[in-house]
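Participant: Sequence:
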Amino acid sequence: MHTIFYKTEPYGPDRYSMEEIVERVAEMKEPPFRPKVFGKEIPPAYVEILEQCWQENPRVRPTFKEL
Numbered sequence: 003m004h005t006i007f008y009k010t011e012p013y014g015p016d017r018y019s020m021e022e023i024v025e026r027v028a029e030m031k032e033p034p035f036r037p038k039v040f041g042k043e044i045p046p047a048y049v050e051i052l053e054q055c056w057q058e059n060p061r062v063r064p065t066f067k068e069l
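Sequence positions in the sequence shown follow our numbering and run 3 to 69.
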């Protein structure tokens with residue numbers, strides 16, 4: 003959703019290489035590596051959906067039907 007909204011590469015305009023993304027995600031640090039959400043043009047409800055989708059526990063993420 004983040005990629006679609008911003009029309010950018012995964013993880014946004016920071017332009018991380020795929021190797022950097024894989025490395026950062028694999029590190030499993032706290033807090034988890036997530037794309038940056040920036041700009042006032044993003045509706046708060048959209049940000050809330052993104053954050054729900056990023057939950058570590060898959061049971062608390064929204065289903066595809068809910069999205």
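If you are wondering where the hints come from, they were derived from the structure by calculation, not from laboratory data.
Among the hints, a few may not be true.
[Said to hold, decoys possible] Below 27 Å or equal to it, Euclidean Cα-Cα: the simulated BS3-like pairs (lysine-lysine) are: (1) Lys-67 - Lys-9; (2) Lys-31 - Lys-67; (3) Lys-38 - Lys-9.
Participant: A separate judgement is required for each hint: does it hold in the structure or not?
Facilitator: These are the hints, each one checked on the structure:
Between Lys-67 and Lys-9, the direct Cα distance comes to roughly 23 Å. Compliance with the 27 Å bound is thereby established for this hinted pair. Note on Lys-31 and Lys-67: the hinted pairing is violated, with a Cα-Cα distance of about 30 Å set against a maximum of 27 Å. Restraint check for Lys-38 and Lys-9: satisfied, since their Cα atoms lie roughly 14 Å apart, inside the 27 Å limit.
This entry does not satisfy hint 2, going by the numbered hints stated previously; all others are met.
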